[in-house]
Structures are given as structure tokens and as C-alpha cells.
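These protein sequence lines map, in sequence, to chains A, B, C and D. Count along the first sequence starting at 1, add 19, and that's the number in this note's numbering. Count along the second sequence starting at 1, add 19, and that's the number in this note's numbering. Count along the third sequence starting at 1, add 19, and that's the number in this note's numbering. Count along the fourth sequence starting at 1, add 19, and that's the number in this note's numbering.
Honestly, the hints are just simulated from the structure, not real lab data. Where hints are given, some of them may not hold.
A pair counts as met if it fits within one copy or between any two copies, since identical chains are not told apart.
What the hints assert, rightly or not - In silico DSBU-like pairs for lysine-lysine, Cα to Cα no more than 35 Å straight-line:
id, residue 1, residue 2
1, K327, K286
2, K286, K333
3, K144, K212
4, K333, K144
5, K114, K292
6, K22, K333
7, K24, K155
8, K155, K144
9, K333, K114
10, K22, K292
11, K114, K224
12, K114, K327
4 protein chains.
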Amino acid sequence: MEKGKLNRITDVECVLVGHKTISSGTHQTGVTFIRTAEDVFHQKLACGCSILNGFGKTTGLPQIMELGTLESYICLTNTLNVGVVQQALVDIMVKENEDLTSVNVVVGECNDGYLNSIRDCVVTKEDVYDAYRDCKKEFELGSVGAGRGMSCFEMSGGIGSSSRVFEIDGNTYTLGVLVLSNFGLREQYLLDKVEGNQLPLEQEKGSIMMIIATDAPLSDRQLHRVCNRMPVGLALTGSHMGNGSGDIAIAFSTANRFGSEEIHTLKQINDNKINVVFDAAIESCKEAVHVSLIENEEVIGQSGHVRKCLNQVKIQ
Amino acid sequence: MEKGKLNRITDVECVLVGHKTISSGTHQTGVTFIRTAEDVFHQKLACGCSILNGFGKTTGLPQIMELGTLESYICLTNTLNVGVVQQALVDIMVKENEDLTSVNVVVGECNDGYLNSIRDCVVTKEDVYDAYRDCKKEFELGSVGAGRGMSCFEMSGGIGSSSRVFEIDGNTYTLGVLVLSNFGLREQYLLDKVEGNQLPLEQEKGSIMMIIATDAPLSDRQLHRVCNRMPVGLALTGSHMGNGSGDIAIAFSTANRFGSEEIHTLKQINDNKINVVFDAAIESCKEAVHVSLIENEEVIGQSGHVRKCLNQVKIQ
Amino acid sequence: MEKGKLNRITDVECVLVGHKTISSGTHQTGVTFIRTAEDVFHQKLACGCSILNGFGKTTGLPQIMELGTLESYICLTNTLNVGVVQQALVDIMVKENEDLTSVNVVVGECNDGYLNSIRDCVVTKEDVYDAYRDCKKEFELGSVGAGRGMSCFEMSGGIGSSSRVFEIDGNTYTLGVLVLSNFGLREQYLLDKVEGNQLPLEQEKGSIMMIIATDAPLSDRQLHRVCNRMPVGLALTGSHMGNGSGDIAIAFSTANRFGSEEIHTLKQINDNKINVVFDAAIESCKEAVHVSLIENEEVIGQSGHVRKCLNQVKIQ
Amino acid sequence: MEKGKLNRITDVECVLVGHKTISSGTHQTGVTFIRTAEDVFHQKLACGCSILNGFGKTTGLPQIMELGTLESYICLTNTLNVGVVQQALVDIMVKENEDLTSVNVVVGECNDGYLNSIRDCVVTKEDVYDAYRDCKKEFELGSVGAGRGMSCFEMSGGIGSSSRVFEIDGNTYTLGVLVLSNFGLREQYLLDKVEGNQLPLEQEKGSIMMIIATDAPLSDRQLHRVCNRMPVGLALTGSHMGNGSGDIAIAFSTANRFGSEEIHTLKQINDNKINVVFDAAIESCKEAVHVSLIENEEVIGQSGHVRKCLNQVKIQ
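With the hints as constraints, model all of the structure from the sequences given.
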């Protein structure tokens, strides 16, 4: 399947991504900001999600399920800083929208406590504003932003992204995935041959956030179905979806916008034609995890903890 | 059905409730703090929830559904201050638990924007700490804490509570409900005769948070079933569960605690005997809404908005 | 709110209902057939459902949730005859559609074992064909068809129906409900004053099927939301949604049909305008239960069991 | 991970499996019967399920979700014969249990319409009784029973099974999986090298039923979590969980039985120790699919359709 030009979620028009990376001694953490669309509060996006493993703290999912729309940007950060990031994101939405008195913001997280002194909760509102201002098409990958302190297959993980282009009924569409990868034991990794795990075997405690954007005309229900295929992409990288994981997928479509009309007119593809979308999402998810490992570096964090990167442990 | 001694959720042993009320000109809002149990992080509580209408921003629900446990206290506040309250609640949990590197905190909300200048987001972390310190058995009702700026059936609403005592298999148990009421048009109200609605008819945009505590031995699945009966209690007050509502119920049992044992031994009542629990919850929910109206006063807020209390509009 | 012309689900164009009643000694049971739409297999209907209490055996719900469509007629019968009715309904769909090699048929049920010797499983395929042929606009109500042996509030229950007409954005729409009522203790009944329950108090073991049809443009998600309001209608009749109930609602819209096009174009109302649909469904549900009691007669069944009808126990 | 003695679901004590195979010209179909436990109606089993892709017609899932128990045997058959099989299974339950007036039977299905003239609906009640009588520990695999006409990766598929043995807290437990495999394009198959697909590319329209039995002490919620890991096992065989699939997993534990006691005492493992159960289920699921292909033969069906078996297309 053909990749998008940047092989990133930003191949979907109007999506931008920015980071604020905190890397200072025992603090290895940050914020990743996904600008989902212009004026997303007034022109909401069709949206679905799936809580593949609910051992996570992501905010905003109940309203997405109820109303089938996304009305905010999306932020990612560490587990114990969801609150401050959520408040900062509310502030941004309040400032941008004079008539806003309620808003459902989405903040996802993974736990970077292996490398980051997570109990210090060092992320501030300013960090969120910085990540917001950093948003662009060709964003950084790997141990940056929310991905700074993340571990994937006991290597340095974090931000990965990939995209695919496909055709339905004569029209060309794009689907892109951004992941925050933070799961897996090294011995489970399937995509490359790597040096064996030298550590004593521990319980897998990671998680993964998956954000999926597309311009294909899908309804909230269909976007939910796309999210439900993400375990296939994860399994092919080596994930066992262990107990400790918060594995959460959120998918939105820019093809259907919901304004203040009394009756909305929507397009949605026939479910009999949806397999190509599933395949694009599965491939992008699998590659995005790989990208989060390949586009990475060694990270040294708290308590002398170190995560080597894939290139260091790959067997040539 | 017999009521508990205080007719409050705090009739369930180990539950305490506190408030911080902000009432200053156009700012009519606050925080309500529910101390669910001692050492709740290490001795988690069996817990279930139900998103009866998901047009709300409550945090922490996905993990409750996945793991069937509650591992934190619960806070309530206004819609746009969930973030800061969540961060403060994380701080409290971090301070109380030296080994904590991840925690699923629960923050519920309703929208008090009719009376409160909600866009100012005036709640601070200190307010949460104050509410925490205020926790006690005989807590205040009505327009206090998170309930300060809430409207119910276009009257002053907010915090209500009620409890019931019942018997199963020769043992006596207690179930209590605390509500944050913020829904309904005056013409829909069923529990008392009130003066007609003088306002031009508006769309119902309210919501309600329902926290249910019991010492009866129920599993997470059974607590979820209890939550699913809350619409019956609400309907009997006059609720139509309108579109704009975030109607969310969370129920926990203090009878089953989950520590670090490899195998847990649990008690759960036979589902064939659960109707008495359903009835206790339905009655407590209905009365708690009534209490939130009865134990109340007139509230004057932003833009000259006023909510009269039930006693002012009741037809004798 | 204005009622439809027939005050029945058949006020929605293209919906027809028929019965086959079995009333012979200890066998008091039957089949009710709902012809949802012409060529429903090729022009599927938008559909949502809600399992309000899952203690029931209705077939076909998983596919409705996954695909958001209804592709068959709907039958109702007693609990232990779901299988034979399902097979007969498959036969009908096979005969009507030459290209059909898979079909998701919907069969709902309640347990009529108080009046009917249910273990004999007397319903046959022929009974289903008879009910199919009986379909019409002005169908019978009360102890007929699947409703023959049903009990509601310990009176004779069964088939009830009601409808409402409302306006959105200048257009007039109809919503109709058909219920198979089989729940409640007499002392819980709220809609009329009735003679007290003389029987020793028993556990409530009933259930209710609710079929909702509308020509308003709603998506599967919105139809699911409509189903979720049915507890409000039930509660106002006196239902406590007891443990033993299979309380299941299925709603479909004839406004959006799904054929073989690669891209479907759909209309859906703004969720901010959906309250009128909720209210129409709540009112119709409540009245349909009342109709199932009012339009009824005394039924004598197995083991000398008798259900008096509402008119016999009503206090004037 | 160690395999069970028979490497079948029947390694879990008290589970037995039988088949009735129909192989006659254009009719290639049948019934598979899973005797879940002795007296399962009175001593119900803890049970969870997951509708991974709901494009299927399995009966009995809503009650499993609501009550967390299994109270019947489980049958598998073709898509259009679910009704007659369900009625036969009800008959068996009625005969075995004199006090039964309601029962939630579980019948799963896949669509064997490529090889079988499915529109003829040739399965009879007698076939179900035959499969019931055939139940034993060392049951047949491959194109037998419900598996007779199934296709997997465009080869002959059907019944597969596998099991694993593991230890928790010093005790040894067994988990076994039985699959009815009927999904996948040949080019997607990952477990062996096979000859390329010569057919014009078609939409994947298959499905898979997965029955999981264990004697490990798991609650209904935990069994649901086990079901949610099945996509990992499927993905490793090559499944993309295509649109047309009804992918449904049902898991039960024989460690917790639910009789008529007013209060049940249960054991459940700490979720922090559940990964070994997930891994056992993932490995068993993956191997069961492989077994369904390896233990197989060429099948010739309707319209001259032929499915070669894996051994015929495997590249040595």
C-alpha cells in the first residue's frame, strides 16, 4: 500500500503536530500536541474510539462515544500530568472560542516512570502552550514531546507516525497514525532481530496511545471499527496487550464536519468497502511503532535507568 | 425502606465528604471531595460505573470498567475546572502513597455556567486541598461545594444525599447516594407542585453526577447493574435525560477490598437477591435529588442570573 | 405532544404488524410479526439498540451494534421458542431474497411461563408464517400474538403501541413504539389506582421488549441514544427494572436506507435538536405500556393461573 | 509454554466435544457440540465474552454480559441454521432440567456458503442430538461438525483446538481454546509458506468463533479481558479482522460455579498476575487456527467449489 508524502499523520490535510520536550537530569518527559483541525470547536469532526485495554487515564472518551464527534485538539503527556495538561488545553480552547462554555478536551498518556521521576509532575501549562506553538507538518519523531521518557520493548520508544494512501470508488484518501509507544518486553519484539533481554523478566506494564486521522468519509461507528483493528497492527510488532497497558485508539475523519445546521448531510462509505481502510490503519499502526523505535536515540533517566535505542541493540 | 442514620452517603462506614464553596460576585462554584475509604490506593474498592448519557467530562471511567476497582478519592467540580482538580487530586494521592507512580483519579463535573462565570476557571489546587480537609460525616447539602452554581429544574440545585438500610440473607447493609444535580426544566418537575416556568422555553442542558456507596458484597458487574437503575430514580423526579446531560453513575462497595494478594477471595450476592439493592439505590437517588432542592437557598450569580430555591416556588 | 392517526407503531409508513395467537388450555402464547419495511434486506434501515437489562435471549443485537443497520423483519415470541421462530424468519428471508446467503434476523422474547406451559415449546414455523400473513396497519392489542400469555404488574399484559408526531426544522416526523410488556408487581403500578396485590410478595421476574420506528433522520448512534431513554418511560409506569428482566430496546429509522452504493449519503439531525425525539419516544413508551393493559382481557392459563385485566382491578 | 495432554480444549476437566458432520454432495455442513460442564444449568460457570467484530449471529451474548455466567452448553453450526440448532439445544436443556422454564443457550456460527448450499438449511434437530451423543475428550479436528464446509485463508478450515498449562501462586491451571475458523485470504497467511492465491482477489468475508475454557479462578470481567486478547492470536496467523467477519470469543471458568446460595464466595486472581493467562490464550488461539488447517483434508462442495488443504498447498 502506498505511503503518504511525509509518512506521517500530518499527511491528512489540516492536521499539525508539535512537541515540548523536557530533558533535564531525572526529568525525561514532555507534551505532544495534535492540532486536529481549524475551528474544530465549531466544525466538529466525526470521531470514534476504542478502549482496547482500559488500564489508562485518557480523558474525553465518554463524550466521543456519545456524540460521535471531536471538538478539541488532542494532547499526550505522562500519566501523572494529565490534569495540568487538560487545564491548559481548556485554556487554549477558551481563548480561541469566545462563545465556549463547555468543551470536551482529549488528553492521552503513557507512564514514563522508568526513565522519568514521574512523581514530581514537572509538566506545566507553559509546556502545553509551547507544544501548541511548535505545531507543524514535519514534526520530530522518537524520544520527543510526550515520548521523551517512554520505553518500547525495553528500548527507547515514544512518538512514531506513518500514513497510507488508498482509493475508494475512484477517489483517493489518506489515513495517518501517530503513536505514543510504551509497551512490550524486548524478547517479544518481532520486527527486527535484537539482542536478548539481559534484565530479569518483569511484568509488562506499558501502554500505547494511537491517534488515527483520515479524510475518508467515515461515520463515528466506522471510525470505532477502525480503532478495533489496531490490535492487529500491534500484535504484528510483538505486543501481547499485557494487563498493565492502557491501549487506547482514537480516530477522526475530516470528511464530515458538524456545524450548527439543524440537519447534517453526511457521506459514509459502504461497510462492504471498508477493508482497505482497515488495512491502511493496520499497516500505518505497525509501521508507526517501528518508526518510534528506529527514529530514536539512547535515553538516560532517573535512578541510573538507561534505554538503548533499536539501532544499538539490532543484530546486523 | 428504612433510611440510614444521617440519610447521607456517609452512612456507609469510612465514607467522608467535604466542600470548598466559592461564592464571590459572578463566581459561584466550588469543589466537593468524597473520601471513599482509608488507604484506598492499596486496598482498592470493588467499583462499577455507567455512562447513562456521555455528554460529560468525568475522568477515570475507562480504568474502572477495565479493572473493576476504585483506587482513589472522588472529586466533583465545574466542567471547565476538571483539569486543575484532577492534578490536585493526583498530588494528594502522591503525597499519601510513597510507592505510587500511577493512579486513576476520578473527577466528575456539571456545568454551572448559568450562575457562574465558568470561563474564568477560578478553582485552584488550594480549593481542592481545602475540600479534602473539610471531609466529615455530617456534611452540608444544597448550594455548597461543587453544587454552588448548579441549577436543577431551573431552581437552585447542587449537592443532595440520601441512604437506605436493607437486609440480605440475615445481614444488614447500607447504601448511600450523593448527587450533584444540575438538570431539568421547571415544568418537568414531579416531586412537588411548583410555580410554572416563567422563562421562555429553553433546551434542557443539564447533567447529574451520582456517586453510590454501599457495604453490601457486590462485584464490579453488579455495581454496574446498580448504576444502570439510576434512570428510574431520575425519571421519578422528572428527568427526561435530555441531550445536553452528562448523566454518570459510579458505585463502589467497601465489602470487597483488593490488596496485593495473588488470589483474591470475594463475596457477592446472588443476582436473584439483588432487587433490594436496586430498590435502595432507586429510592436514595430520587430522594437525593429532592434533598438537593429542599436543603437549598436562593443563589445570585453572573449576568444578573438568579435561581430561586424550591421553598420559594413551592405552591402551598 | 400530538399522537399519530392510529396511535400505533404502524403510523410510521411501511411498518406493518401481525399476530398468531395460541390459546388452548394450558398453552397461552404466540408470535407477533413486525414487517419493518419493503425489501429491507437490500435497502437496510438505520438501526440502533440498547440492552437496558441483558437478562434476555433476543437474537441479532451484535450485528445491529456493529453495522448500524437492520436487514430483516422482527419477530416476538416466548422465551423457549426463539429458535423455531428464528429459523422460520430465516426461511421467509431466504424465500423473499434469491441472492441471500447470510442474514441477521431479530427475534425478541419475554417469558410467559406463569400462564403458558412454556416447557412444551408449542410454537411452530407455521405460526410464524401465519403471523407474517396477518400483517396490517390496524393490528390488535393486548393479549394477542406474543403477548397472549404475558403478565404486566401482575395483570394481563402483552402488546401495546402508541405514537407521536413532532416537528424538526420545519418538517413533520412520526415516531411509534410497540411493546411486549411482561414486568412489574401490582403494587408498583403508577398509572392508575388498582386493587392491592393479594399474592404473597414475589421477586419481579418480568421483562419488556420495545420496538421503536421513526421516519426522522437519525443515525445508528442517535437511535441508540433514543433506546437509552426508554427507562424513563418505563419508570413512569412503575418499572424498577428488576434483576429478572430482559429489557431490550431496538430503534430503526426509515429515513436512511442503505443499498449497494459505494458511498452512502445520509441525513441526521443535529444532536442539539434531538430532545423532541427523546420526548416522543418516552411518551410513546409510557403510553404503549398503558395500552397493553387497557386494551386487554382476563387470561386463564396453566396450573389454574389467572391474570385479571386492568379494567377488572381498577378502583373507580 | 507447556501444552496440555491432548492439546485440546478438553484438557480442561469436565469439557467434552462432539460433532455431527453432513457431507453429501452440495451439502457440506454440520454441528459441533461443546458440553461445558455437568449440571451447568444449576451450577453456572463464570463467563465473559467479547464481540471483536459483530458481523455475526451468535445467540446468548447479552445475558452472558449482564449476569457473568454461562448456564448452557454451546453449539456451533452454519449461519442460516442457528435457529433450529438453538431450538434443539433448548430441548436438551429442558429434558435435562425438570425445573427449567428459561434458559440462555449459546449458538455460534460461521458462513460455509462457499462449499455448502447454505440456503437449503439442511441441519435438523436430530443432527444436534447426534452431536450431543458424540461428545468425548479426544474429538476430531478439521473439516468435521460445524467445520465441515468452512474455509480459512482460502484453504479447508474448520475445527481447531489447542491448550496450555501454567502456574499461578504455586497452583497449576489449564486453558484450552476451540476455534471454528472461516476467515482470511491465502496471501495473508503467515504461519507457513503456501502457494500463491490463484483466484481473483475477493473481499474477505469470513469469521471465527473462539471458545475458551479454563480452570483458573477468573471473574467474568477477567474472562472478558482474556477474550479481548484474541485479536493478538488471530493477527499472528494473518487475520486482518475484515469487515465481513463475525469474530466472537466466549470464555468460561470452571473454578467458580454459581448455585442457589444467597451469597457466593469466589476466587479471582490478582489482575497483576493475569499476563500468563493472556499468553496462554494467545498461544492456544494461534495454534488452534493452525491445527484447523493442518488436521484437514481437501473438501469438494457446491458449484464445483473446492478447498485444498494446507498440506496440499504448502511449499516444502
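Structure-based check of each hint:
1. K327 to K286: neither (46 Å within a copy, 41 Å between copies)
2. K286 to K333: neither (46 Å within a copy, 44 Å between copies)
3. K144 to K212: This pair counts as neither: shortest intra-copy Cα distance 41 Å, inter-copy 48 Å.
4. K333 to K144: neither (38 Å within a copy, 47 Å between copies)
5. K114 to K292: Cα proximity of K114 and K292: across copies only (27 Å, versus 41 Å in one copy).
6. K22 to K333: both (25 Å within a copy, 32 Å between copies)
7. K24 to K155: within (15 Å within a copy, 58 Å between copies)
8. K155 to K144: both (20 Å within a copy, 33 Å between copies)
9. K333 to K114: neither (47 Å within a copy, 41 Å between copies)
10. K22 to K292: Within one copy only: 20 Å inside a chain, 40 Å across chains, cut-off 35 Å.
11. K114 to K224: between (37 Å within a copy, 23 Å between copies)
12. K114 to K327: Between copies only: 32 Å across chains, 41 Å inside a chain, cut-off 35 Å.
Figure legend: structure checked against the earlier numbered hints; hints not met, in rising order: 1, 2, 3, 4 and 9.
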